[in-house]
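Chain by chain, the residues run as shown.
Number of protein chains: 4
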Amino acid sequence: MVETLAEHVAAVGHEMEQYRGGGKVADYIPALAQVDAKRFGLCVLTCEGETAQYGDSWMPFSIQSISKVFTLTMALNRLGEDLWKRVGREPSGSRFNSIVQLENEAGVPRNPLINAGAIVTTDAVLAGRTIQEGIDDIRNTFRTLADDKTIDFDPQVARSEAETGFRNYSLANFMRGFDNLNSEVEDVLQVYFHQCAIRITCKQLARAGLFLANQGVDPLSGNRIISESATRRINAVMLTCGHYDASGEFAFQVGLPGKSGVGGGILTVVPGRAAIAVWSPGLNEYGNSQVGTMALERLATRMGWSIF
Amino acid sequence: MVETLAEHVAAVGHEMEQYRGGGKVADYIPALAQVDAKRFGLCVLTCEGETAQYGDSWMPFSIQSISKVFTLTMALNRLGEDLWKRVGREPSGSRFNSIVQLENEAGVPRNPLINAGAIVTTDAVLAGRTIQEGIDDIRNTFRTLADDKTIDFDPQVARSEAETGFRNYSLANFMRGFDNLNSEVEDVLQVYFHQCAIRITCKQLARAGLFLANQGVDPLSGNRIISESATRRINAVMLTCGHYDASGEFAFQVGLPGKSGVGGGILTVVPGRAAIAVWSPGLNEYGNSQVGTMALERLATRMGWSIF
Amino acid sequence: MVETLAEHVAAVGHEMEQYRGGGKVADYIPALAQVDAKRFGLCVLTCEGETAQYGDSWMPFSIQSISKVFTLTMALNRLGEDLWKRVGREPSGSRFNSIVQLENEAGVPRNPLINAGAIVTTDAVLAGRTIQEGIDDIRNTFRTLADDKTIDFDPQVARSEAETGFRNYSLANFMRGFDNLNSEVEDVLQVYFHQCAIRITCKQLARAGLFLANQGVDPLSGNRIISESATRRINAVMLTCGHYDASGEFAFQVGLPGKSGVGGGILTVVPGRAAIAVWSPGLNEYGNSQVGTMALERLATRMGWSIF
Amino acid sequence: MVETLAEHVAAVGHEMEQYRGGGKVADYIPALAQVDAKRFGLCVLTCEGETAQYGDSWMPFSIQSISKVFTLTMALNRLGEDLWKRVGREPSGSRFNSIVQLENEAGVPRNPLINAGAIVTTDAVLAGRTIQEGIDDIRNTFRTLADDKTIDFDPQVARSEAETGFRNYSLANFMRGFDNLNSEVEDVLQVYFHQCAIRITCKQLARAGLFLANQGVDPLSGNRIISESATRRINAVMLTCGHYDASGEFAFQVGLPGKSGVGGGILTVVPGRAAIAVWSPGLNEYGNSQVGTMALERLATRMGWSIF
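Residue numbers (numbering that gives the first Met the number 0), protein chains in the order written: chain A, 0 to 307; chain B, 0 to 307; chain C, 0 to 307; chain D, 0 to 307.
Extracted from the complex, chain A is given alone in its bound form:
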């Protein structure tokens, strides 16, 4: 008897029940530290529009670094291939906020999915506009992609990020010193902190990322979001760089392009088939959702969705 997608998702969800609460919740800002460690949500959305959800997939969480994929998409649409003069596409082999590589490589971040790289893509999104215009563009992009006007920033998170973001100020000033930022450090970071502070549910996130599974066209609206070749490249960067210094591990275990955030979410793309969003706040030693990664590994195996 063949199981349906809904049955597979439910089965994985049930298997995860015993692991709820595993890992360590990020605590560098209060808004993240207060989240209930036992939350677990999972949502799969196929290119045909089939949805399967489990658990807390309806509950908003802080998107954090997952937003870097969307900022990259926006920056590529604005700058095209020129973006790659300002940011690389190689795995960094280092922590998400490392500055060592920047010094050795003249202020050009290794890839757009580490903090330094996302500050560059944010600068590209901001270019020639006011902070408010940049912030609004990001919010509207999420609302359009997820087809949901309720998506918004968590102002408290954005403020906390700014107040504790010394490392990001350090990275931004460092790159500014190499002329790799065009706007003022403070302006770029205000927009950067906002893009980290989007509140989103698993369901909304899977919807927003679905175009990545369909060669750049949102299959439900029919809108082209970005070119086919750029889509492939975003997916390639997600696979090689999406999980900081555990990117190889994620490729090894799950076998799909993905991007994690310290809020405990992971967006995963099954090229040609579906987008998956999972959320569980406890992080493993590499800063990726512990239960979320486990769920993705099992789901990918069950569905035969590994790209390898």
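Hints in this document: simulated from the structure, not taken from any laboratory.
As the structure is a computational prediction, the values presented were derived from the model and not from experiment.
C-beta: ideal position from N, C-alpha, C; glycine also.
Do not take every clue at face value.
Unchecked claim - Simulated DEER-style distance windows between Cβ atoms: (1) Tyr27(B) <-> Ser226(C): 55 to 63 Å; (2) Ala126(C) <-> Arg158(D): 38 to 46 Å; (3) Gly48(B) <-> Arg158(D): 58 to 66 Å; (4) Gln131(A) <-> Arg128(C): 50 to 58 Å.
To be verified - Once the Cα atoms are required to be at most 35 Å apart in a straight line, the calculated DSBU-like pairs of lysine-lysine come out as: (5) Lys37(A) <-> Lys84(B); (6) Lys37(C) <-> Lys84(D); (7) Lys84(A) <-> Lys37(B).
Once you have looked at the hints, place chains B, C and D on chain A.
Structure of chains B, C and D alone, referenced to chain A:
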């Protein structure tokens, strides 16, 4: 009108004619330096057994680092998951022969596709056997996989590698100091230098690597070479780590798991479909075949074979 | 016939005439770039009060990093041995503005004579006071030590430093993220940029540094500036760390504790005997005054003043 | 009442009695691990020939890295200034056996007092001679300098060093790959391991190093060992680089050029006055004799011998 595989391969081959001789031939040992820069060969072998070739696909070249994929396969079959205690699976973010990372990470190489990592997998292949037994096992593995008894080492290349291999001696002694080699440095390196010195044609190489495109089973013989999950993991490691510090670039451009060698060859896997071997001796700035990479990018695009 | 100090200084000065204009003048801020490359001044002041001068020793130049020695003295007087919990005393083996070491060592700079370390000592000088109080204290310290009320900041230099000091903002934010700064980044840097912007002549500089040659007591006023043991330690740090990644070179060639600045000045201490200040704007490849270093080497040899 | 040198030495020795046994004895080879941790010897020899000893100053210990100073002296006498093309004179800012810096700086060690640098100076000593001639030259140098024909190698230590010296094999092969060794790796290391294996007493060591306190002339025999300027430079290198990544610390605390070894010995030079040898096997966290460093700090303070 739909083009056949043979037509696509021929078309890509013709497009490459104008680029023949591009890049810089490796010259650190005489046997490599003497190769004609204008050679170009391409062979695609599908899981159904369909073959399409172009140019010098019949001509043997030095396998060099591509052999690391096969040594990894052999080591996984001998040690299983325990291998991963001795070698990681993360991109290194460094040159193929870097020793910096080893010092910072206590003698455990980042992945099995950089030199240090392949010395560890070679040690695993050698364990408990004589040098000759280790060497014979490697030769027999290639002969069996490629179904061709003529495959052999180039003794001159193996000797040259040993004579100029100071960096590899350095890496091996470094790891031995951390107890990450079980056999004597000299013994491990003798076997290591031999696995680099296999002479192989594009046609043989595509045949030898076909099991990687078919979940670990050689589709033409029906023999299981390695488990399905291990196969996926080898492919994942190839994608994230197969081209040294240009691994992200290859994933970005070609979108397929692959492994290059300084002899100018590249083995590429199209999961579920085919193995591709390409050879052109001129290397780009990262040490990967310049014309070979270009051919793979075009072929992958034509066939729609990117995994992303 | 024994030459007098004045004769030795004159002889070295004359030898330097042919080299005037050698090296490359710092040009990262306009105020430095406009300085005449051919300037050369030299002043020796002995503990007995004997002065010997040559050339442009009467002309003010920008003190730049030489001020770090005085900020260190002030910080030691404020914090005592506790200062060494926040900054090390080892050579860095890196460029003056490197951030790599900071990341590897949890935000504790290697020594107080690189930029990061001097930002920490500036923070110690500022602690509990307003920016203006901190700035005034530094100006007064120089005026008192040099016994010259005319010493002042160059406001244009201070402003230029602030406008182009992205790397210093990066370093300061980085350390703030490790809680190794107590005041706000902006406040500490305003004071830091001012201490770099002191305008001083060779004669004033030798006078201000004389206490370092006399175990912490200004031999001309009789005032104790700092303890004997702290003085020795400041001199030791100058010897091992005073010239960035060419500190060993300076110890090797000159054999005396010294501190250079990108304005082209060098303060050198002859323990028990004298302070030497030299100035020539052209810098060598390590960022130290080219002609100034040469003059010091010859003077130290002539006088037999090497401590080795 | 003025104390004599003998009284100062005795006083320091008595103060050290309570600390005997402190620190951790090196245990990477059996011959070192078996040494009694409670040993403590001290010998001061002035340029006038006055000797003052305390404790186990008559007992031979393994010279280990202290020999690097003598190998440097021999290499400078053979190659002159050309030596500095092959090895630098800057502090490394790294562990004694680090290979990271070598990779970043093309196989040129930072200074001759870290392992890599001493392998280069050993290669210079060996050049054009057999292993036995090189070894004999080193032994004879020590015998001549110390005026004692009984000084010899400990063959067991030399053998153990060779058997466990993987890191040194790694360093040597690494540099050979950059053409910075002229002899075969195995030959250079045989000589290197022997120079580490000299057995020497505090009394012999102070005698052997006395020329460094007297501008290159052995004051007791009147023989010139090396030029005056080279002597100053050896002392400068000892001060900036003599204690690995705690060189700044030693300069800060003791204020004299010195070189330590993992056998627990330290040779210290008081320019113009005396040589001091101290021995106590327990090492501090940086690999330098814990009680020996303390004794030197106190003796230097008592005698007013700091060069700062």
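Indicate whether the distance between the beta carbons of Gln131(A) and Arg128(C) respects the range 50 to 58 Å.
violated, 37 Å
Range first: 55 to 63 Å. Now tell me if the beta carbons of Tyr27(B) and Ser226(C) are that far apart.
Given about 59 Å between the Cβ atoms, the range holds.
Is it true that the C-beta distance of Gly48(B) to Arg158(D) lies inside 58 to 66 Å, as the hint says?
At roughly 60 Å between Cβ atoms, Arg158(D) and Gly48(B) fall inside 58 to 66 Å, so the hint holds.
With respect to the beta-carbon atoms only, verify the hint that Ala126(C) and Arg158(D) lie 38 to 46 Å apart.
Between Ala126(C) and Arg158(D), where Cβ atoms are some 57 Å apart, the hint is violated.
Against the 35 Å threshold, does the CA-CA distance of Lys37(A) and Lys84(B) hold or violate the hint?
Between Lys37(A) and Lys84(B) the Cα gap is close to 31 Å, so the pair holds against 35 Å.
Given the hinted pair Lys37(C) and Lys84(D), is their Cα-Cα distance within 35 Å?
holds, 31 Å
Hey, Lys84(A) versus Lys37(B), does the alpha-carbon distance stay inside 35 Å?
Answer holds: Lys84(A) to Lys37(B) is near 31 Å, not above 35 Å.
The structure is inconsistent with the numbered hints 2, 4, although it conforms to all the rest.
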